[in-house]
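Chains as they are written, first to last, in the numbering used here: chain X, 3 to 255; chain C, 3 to 255; chain W, 3 to 255; chain D, 3 to 255; chain A, 3 to 255; chain Z, 3 to 255; chain B, 3 to 255; chain Y, 3 to 255.
Among the hints, a few may not be true.
Dumping the calculated SDA-like pairs for lysine to any residue here, alpha-carbon to alpha-carbon at most 25 Å [unchecked claim]:
id, chain 1, residue 1, chain 2, residue 2
1, Z, K61, Z, E92
2, D, K71, D, E54
3, B, K88, A, G60
4, X, K88, X, G112
5, X, K10, D, K13
6, B, K88, A, I98
7, X, K10, W, K13
8, C, K10, Y, E24
9, A, K61, B, N62
10, D, K61, C, K64
11, A, K90, A, Q120
12, X, K149, X, M246
13, B, K79, B, A91
14, X, K119, X, I22
Derived from the structure by calculation, the hints contain no laboratory data.
There are 8 protein chains.
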Amino acid sequence: MKKEELEKILKAVKNGEVEIDEAIDQIKMAPFRDLGFAKIDTQRELRQGIAEVIYGEGKNAKQIEDIVKEMIRNNQKTILITRLSKEKAEDISPDINLDYREDAQIGIVGEIPEPVKQGTIVIATGGTSDYRVAEEAAVTAEVLGNKVLRLYDVGVAGVHRLLANSQYLINANVVIAIAGMEGALASVVGGMVDCPVIAVPTSVGYGASFGGLSALLSMLNSCASGVSVVNIDNGFGAGYLASMINQRTSETV
Amino acid sequence: MKKEELEKILKAVKNGEVEIDEAIDQIKMAPFRDLGFAKIDTQRELRQGIAEVIYGEGKNAKQIEDIVKEMIRNNQKTILITRLSKEKAEDISPDINLDYREDAQIGIVGEIPEPVKQGTIVIATGGTSDYRVAEEAAVTAEVLGNKVLRLYDVGVAGVHRLLANSQYLINANVVIAIAGMEGALASVVGGMVDCPVIAVPTSVGYGASFGGLSALLSMLNSCASGVSVVNIDNGFGAGYLASMINQRTSETV
Amino acid sequence: MKKEELEKILKAVKNGEVEIDEAIDQIKMAPFRDLGFAKIDTQRELRQGIAEVIYGEGKNAKQIEDIVKEMIRNNQKTILITRLSKEKAEDISPDINLDYREDAQIGIVGEIPEPVKQGTIVIATGGTSDYRVAEEAAVTAEVLGNKVLRLYDVGVAGVHRLLANSQYLINANVVIAIAGMEGALASVVGGMVDCPVIAVPTSVGYGASFGGLSALLSMLNSCASGVSVVNIDNGFGAGYLASMINQRTSETV
Amino acid sequence: MKKEELEKILKAVKNGEVEIDEAIDQIKMAPFRDLGFAKIDTQRELRQGIAEVIYGEGKNAKQIEDIVKEMIRNNQKTILITRLSKEKAEDISPDINLDYREDAQIGIVGEIPEPVKQGTIVIATGGTSDYRVAEEAAVTAEVLGNKVLRLYDVGVAGVHRLLANSQYLINANVVIAIAGMEGALASVVGGMVDCPVIAVPTSVGYGASFGGLSALLSMLNSCASGVSVVNIDNGFGAGYLASMINQRTSETV
Amino acid sequence: MKKEELEKILKAVKNGEVEIDEAIDQIKMAPFRDLGFAKIDTQRELRQGIAEVIYGEGKNAKQIEDIVKEMIRNNQKTILITRLSKEKAEDISPDINLDYREDAQIGIVGEIPEPVKQGTIVIATGGTSDYRVAEEAAVTAEVLGNKVLRLYDVGVAGVHRLLANSQYLINANVVIAIAGMEGALASVVGGMVDCPVIAVPTSVGYGASFGGLSALLSMLNSCASGVSVVNIDNGFGAGYLASMINQRTSETV
Amino acid sequence: MKKEELEKILKAVKNGEVEIDEAIDQIKMAPFRDLGFAKIDTQRELRQGIAEVIYGEGKNAKQIEDIVKEMIRNNQKTILITRLSKEKAEDISPDINLDYREDAQIGIVGEIPEPVKQGTIVIATGGTSDYRVAEEAAVTAEVLGNKVLRLYDVGVAGVHRLLANSQYLINANVVIAIAGMEGALASVVGGMVDCPVIAVPTSVGYGASFGGLSALLSMLNSCASGVSVVNIDNGFGAGYLASMINQRTSETV
Amino acid sequence: MKKEELEKILKAVKNGEVEIDEAIDQIKMAPFRDLGFAKIDTQRELRQGIAEVIYGEGKNAKQIEDIVKEMIRNNQKTILITRLSKEKAEDISPDINLDYREDAQIGIVGEIPEPVKQGTIVIATGGTSDYRVAEEAAVTAEVLGNKVLRLYDVGVAGVHRLLANSQYLINANVVIAIAGMEGALASVVGGMVDCPVIAVPTSVGYGASFGGLSALLSMLNSCASGVSVVNIDNGFGAGYLASMINQRTSETV
Amino acid sequence: MKKEELEKILKAVKNGEVEIDEAIDQIKMAPFRDLGFAKIDTQRELRQGIAEVIYGEGKNAKQIEDIVKEMIRNNQKTILITRLSKEKAEDISPDINLDYREDAQIGIVGEIPEPVKQGTIVIATGGTSDYRVAEEAAVTAEVLGNKVLRLYDVGVAGVHRLLANSQYLINANVVIAIAGMEGALASVVGGMVDCPVIAVPTSVGYGASFGGLSALLSMLNSCASGVSVVNIDNGFGAGYLASMINQRTSETV
């Protein structure tokens, strides 16, 4: 129930146009979502011009198209379509001006906002095979308006590669540490920086990596403080959370 | 190698007091930690006056005492001793002015800093049994200088209790959602707020909760964005990370 | 052994047409199923006009056809074929008047009974991807003669959507709560209603959802009373059990 | 917000005693639980005279005493304290008239209501070791006002014991099937009856029973329709759900 | 080392044709398998005319052909090829007189021996989907010379079907109980018979059956005595072991 | 229903003393167990003079005493009490002539039958720590009337110890292979003998043995034919099954 | 930072061409990898003429080609490409002189060095299906310059095959024991030899082998001393480690 | 069979004192262990003066005493008793000159040999809680005659501590990397050194460390080459294997 509607009912009560009992019913029956969940309004204002997200998996090209068109009608400036395969992307009507990033399996409709001035999100990966998940995180963060620095293939089995880039890590506002196999990257990075580290285990590996379980447990048990973990291969979630932390910092300036 | 030492060597080289070969050896052999890891210095400055942490489990009262005394000698103003049982706390010498918080199983030595002005950390728990973990998180965050608001026993099986407190959640800067059993609190809270949610699964429950595994998996699979997870029962880790995010926001103002 | 047969033997004994020893053998050797398992008879009477179920998976079109034809010969009015793929459905002979519901992967032969007057089964799902399982439950319940109300995509990450529909939930006779990923829907719904909640975990999700394990454990650990759980993706089982509870209620009126 | 309060605000608006803006604030800020969650009121009416439940584990005798006394002050007629050890029960003040059932680890305060006329809940167990869980279910159901029939030690390894009692099972309104080890009882009973079967896996067993996991998986995979499962050792949950189904049936008469 | 060879060496020693040191070397260096492992000889005698087994999986048609031809050259009367797909069977040269049993995925070359007089192996399955594994067991046992009785689709959810066949079970010499999902068949059968029951969990099922894990754990926890378990889907292993027990019984007559 | 009772009813029908309808009721209502389950009678005859088993765990000394006394009244000659701790054994009244075997945690009341002439059960263990489980198996088999040969501590890490005893293994009628840790003993023994091998995984070990899981999986995956598995630490089950196979062989002679 | 560069800076300091402060900056900012990680240099010298490794999985033919060409330009004498499928191998340009070993799924470019004189690596496998993993280990070890002896198909279910080859095992410098299913080979071999045994579990098997978990746990729990384990199917890792141990031994001569 | 015995038999054959048939029997019946398993003899020679090991867990003080005394009678110079608790150690008779190392839970009887000249075993641990396991490894290696260097508490969350000690690691002949929680130490160390790394996961940690599973999986998935893994907490196994590699290197000099 929007403020205006509640106002209208109260005015009608005041003016005697509506009985009190009837007013009670109207107020009580209003769907809760209309009762002014601060969040929803806040979010709308807040997201003015910011990306809306469509989870592409399990939707076909036509369904995605329809949602996108409706969003455009609602003046959504930027739309992010995650887990969008190349095949599906190619099936989407050329009417929609789709900027497809194959590496990230992400489609973008509309303009990418200027990144906020302060704060860099550093995305570090253990190996080259973590590339897709890393790009999902990176493109998500960029489309949400953040400066992103990619430090790929700096896995702990060659810790000097990581150290050679320590200045970038130390200056980060948030670090996303992405690794499969033993997932040790999160701990080592967590020990090097003072900012929050979002750890993303990946399903990269074989045998006893058990589809990412090894990296997941490893990251949850990180002995470094400041590390938290998202789901296996959840690049989007990490990018979104990193943006939330990074922008919060910047907004308050 | 501190700057002064390197300077000394270089001066000696300049003055011809030391041969170049010898200088090379001295520089190369210097332990890496001395080569100016920005982080370490930064940390020291940054932590000036902030709590140092001792993990109490597996150390006896005497060992803890010794570490505390050494820290005090080093002018550490605040010391946090986590996972400290009541028995052990009572065995610590009265010489040390220990402020023991039994609920949190935390001992504090020294003064607790004034909380930063901006930003509240809200700690929500699913049930009364999550109390110990919640207090560990709360006291940690407080000792690190944060304003903390406790919303205990607002589990999802009575979602109205949670909603009745939605204004507190919506105004939080960081939320720590602590729950055992099905761990659904993290998702529901994650859907209500726009700030980062740190989820802490607890080992509360029986049977198919498998020591916290149920809540852990549940939280990792949260369908709400902005949620990340720390280890089972890791109240300290959540409090520390929340403080890191909260203070970063505040510092940049 | 039907009553008539036993009667016949006893009469023959009475009339001296059959020796006692022979009668003993006849009675003892009668297959147990004929010895009057109340259930079987009851069931037959009870199911007069109610659907018989064929599990389609692992049977080919021809086998299904044969079973259906035999059932029709036995005057079965309604037949439900579950887990029937579109391909298989298309291969079934047009002789059979198949009403195929692709969303539910269910084929129906014969008439769908009028729903019982009292009692609604509400089917709530966490997300759009739980659609197939939900439809399996819904169509099963409908074909068994129940009024069904679908509340899809009311997952807990947007708890207001759920609350906006609370009147439907509160008035339900049975609720089926279907969710993948963190499966929190069951707990939240369980806390809102006073009727039995049948929780169905789905294999929707990735990474640490481990094929539905996360939702399964979550639902088993529900802190709300009145919640019980069926197998992962078992929409049919939930629909059948819901019907059993709903009709029992109605029957006794 | 109770109806009366909302009425009061509206009247004040009507009378011009309160400004519309102020009224909007008052309505919006009212805790959600007061906005007329049908359930809560319903529950209160519904539970008039019915047991309130206290989960005894993790609370000490004093805490339990306090809660009980407060409930009595609120005119609660029957109070059920689950997971209450004998030691704790003995520590509870004799002021409270505690009816302690050691087998069920349940304490009862107040009167046990007359069971509803129609409908029996049959509680079947696989072995003698499932006794405690079974009694927890049985006493819970009895205190909630149900007729309960105990069929203990009718495990499937001696299927004739089960069959010898088939008439009781067939006439049940709800069956609770409790078993550890291989948990097969649920399936066999599920195949014998037409009413809902609530399966309770127990942690009874050793080795590959893995604390009840074996029985749990077994019951979830039951090939009989109408079976659903609650958490390992959750006798209370089963008793509560069975009562819910049984009373619903009876109430509607 | 065959007896003749050792004899020859000893004779040579006796005759002085070979030095003692040289004899020691010859005896010591003889491969262990030649040192008269009773088993090997026994086996050969014992298996005179009995089937030799080839595990078909992971071998191509050509490789299988070669092994079969070599076996035939060695006068092997009966050859059993397990896990042989239809495609592979069709690729095997028509030179080889292959009796292919598609249901069992078994190919037979040579004559099937007359079954031993005494003792029947009863093979009971829970459902129709366990058919392939059951046939693998059945054909294996038949080719090894046993009388086999098939009792398919007698799962515990309709325990009367099982009871209706109890005379066959009671008269069995060995029972193989094959079931997926909850695997309860083994326990129920184990409680009905006095002979050894070999339980075979199958990977039939979905969701929480976890590829046969549910049935496996269930069978290992059987509360009936006399039940032991082989690997998931291991029909051959069960058939082979059943034959071993059955023939041992018969042989000793 | 015993034959005599049925006969009596039929005679009464014949004589016109009982109406047919009444007879039908009497026959139908007779508990199933009385309807001539061949097994039960067979068992009774068969077990004449053979041990009856009491599972001691979870029963106190008094309860065990009562059961034993009742059994003695029923002329049971031999009684086996498994999982009986020393403390409990000492608490049993001296009235009962208890032969307590501490190593096996078994109590015996009554006489141990002469072992059957033919067939030896060989019990092999991997290490000295498997002793308790092995003795449980051994004493069970002995009390059931079998000749038992103990080959303890012949684990595969010293395969020569096993080979040094190969003649005993080869001459066994049944082998029970008991091992914790990697459980390889079952496979090696299975490859050496032609008789059934019953594998018993034990919970001996630490770390990645996960309470016997390692040995359990190892034994289920045995590449040797003729091996089947019982539950972790289930010495009794193995001894009972071995006796069943051994005696079956001997009986048929 | 290479020695020459540091030397140059120090000379410049000595000559007064560079200020001390500037020199400090230059030294501190030098990427850590240049600061003389002994290992890197050592490795380079050490690997002069030794194989560089490319992990083929997840790279396409073109990418592999490019890396190989760059390595050749850098005078790399031997290049090992692991996990290279036949299809990919065939797509690699004929410009590159690729020696493809299909069994090992390894491609070799350049010359294979002469094996070191002393020390043999024995590779033993449990069954024929472990062939691919074994060849990966064998070819890796050979290309790294080691003498390799293959003892395939010597699984423990026929322990005489293993014993017949004991002289080869006893004379080995390192043994790689490769087995799927129950993985017992590692323990038996570990008990026969005095040299390090590297155990490789393989994913060969079905059912309860759970993709190699069974063999993995079995090997980790080996009761033989001197056994360590690498990841499931990690033939390369075992070959590399074996070479490291073998060459270390030889080098020190 | 010792060479002398075989010689004696052959001489007797030569001299006609023994018939050939009888000689065949004597040779064949000789326990296999006597047939000259090279290993056994080798071992004896090799171990001349080297420690024999007793696994203390599960043996009481008296049993350990007896074994030790027997070993001393057999001129064993050094005896290592692992997993020996302080209580048990104190119960061992003072007759035995026991050197008890509480940290390692190891008792030593006899002299500790001089370490071999070449080659150091470096033992690195992630945290202070891994101390007991590390000492078990260290003392084992020392008693077996190796030079050991302890680098404790160099976990990856403070990677500079590790790097500051890189020269020790680089110069090691074997490294034992011991860590609980996320177990990342093995990978980081494995990337720094060229020698074999033996990884020991420890059960240190809580929650999702699942008793060492997290560290175990992490280490098995190490992306560094040259790393292999032993069982959780198996310090002895690591020390023994490290000694085996280290001494092999040294011996061949």
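Hints, one by one, checked against the model:
1. A C-alpha spacing of about 14 Å is found between K61(Z) and E92(Z), which places the hinted pair at or below 25 Å, so the restraint holds.
2. Taking the CA atoms of K71(D) and E54(D), the gap is near 12 Å; set against the 25 Å cutoff, the hint holds.
3. Using a Cα cut-off of 25 Å, the hinted pair K88(B) and G60(A) holds, with the two alpha carbons roughly 18 Å apart.
4. Between K88(X) and G112(X) the alpha-carbon distance is near 19 Å, which keeps this suggested pair within the 25 Å criterion.
5. Of the supplied pair hints, the one linking K10(X) and K13(D) holds, its CA atoms being roughly 15 Å apart against a limit of 25 Å.
6. Proposed proximity of K88(B) and I98(A) is contradicted: the alpha carbons are some 32 Å apart, above 25 Å.
7. For the hint pairing K10(X) with K13(W), the CA-to-CA distance comes to about 85 Å; that exceeds 25 Å, so the pair is violated.
8. Simply put, K10(C) and E24(Y) have alpha-carbon atoms about 89 Å apart, too far for the 25 Å limit, and the pair is violated.
9. Between K61(A) and N62(B) the alpha-carbon distance is near 29 Å, which puts this suggested pair outside the 25 Å criterion.
10. Under the criterion of a C-alpha separation no larger than 25 Å, the hint pairing K61(D) with K64(C) is inconsistent with the structure, at around 32 Å.
11. For the hint linking K90(A) to Q120(A), the alpha-carbon distance of about 36 Å lies beyond 25 Å, and the restraint is violated.
12. The hinted pair formed by K149(X) and M246(X) meets the criterion: a straight-line CA distance of about 13 Å does not exceed 25 Å.
13. Among the hinted pairs, K79(B) with A91(B) is consistent with the structure: their alpha-carbon atoms are about 19 Å apart, no more than 25 Å.
14. Between K119(X) and I22(X), the direct Cα distance comes to roughly 53 Å. Violation of the 25 Å bound is thereby established for this hinted pair.
Taken one by one, the earlier hints fail for this structure at numbers 6, 7, 8, 9, 10, 11 and 14, listed in ascending order.
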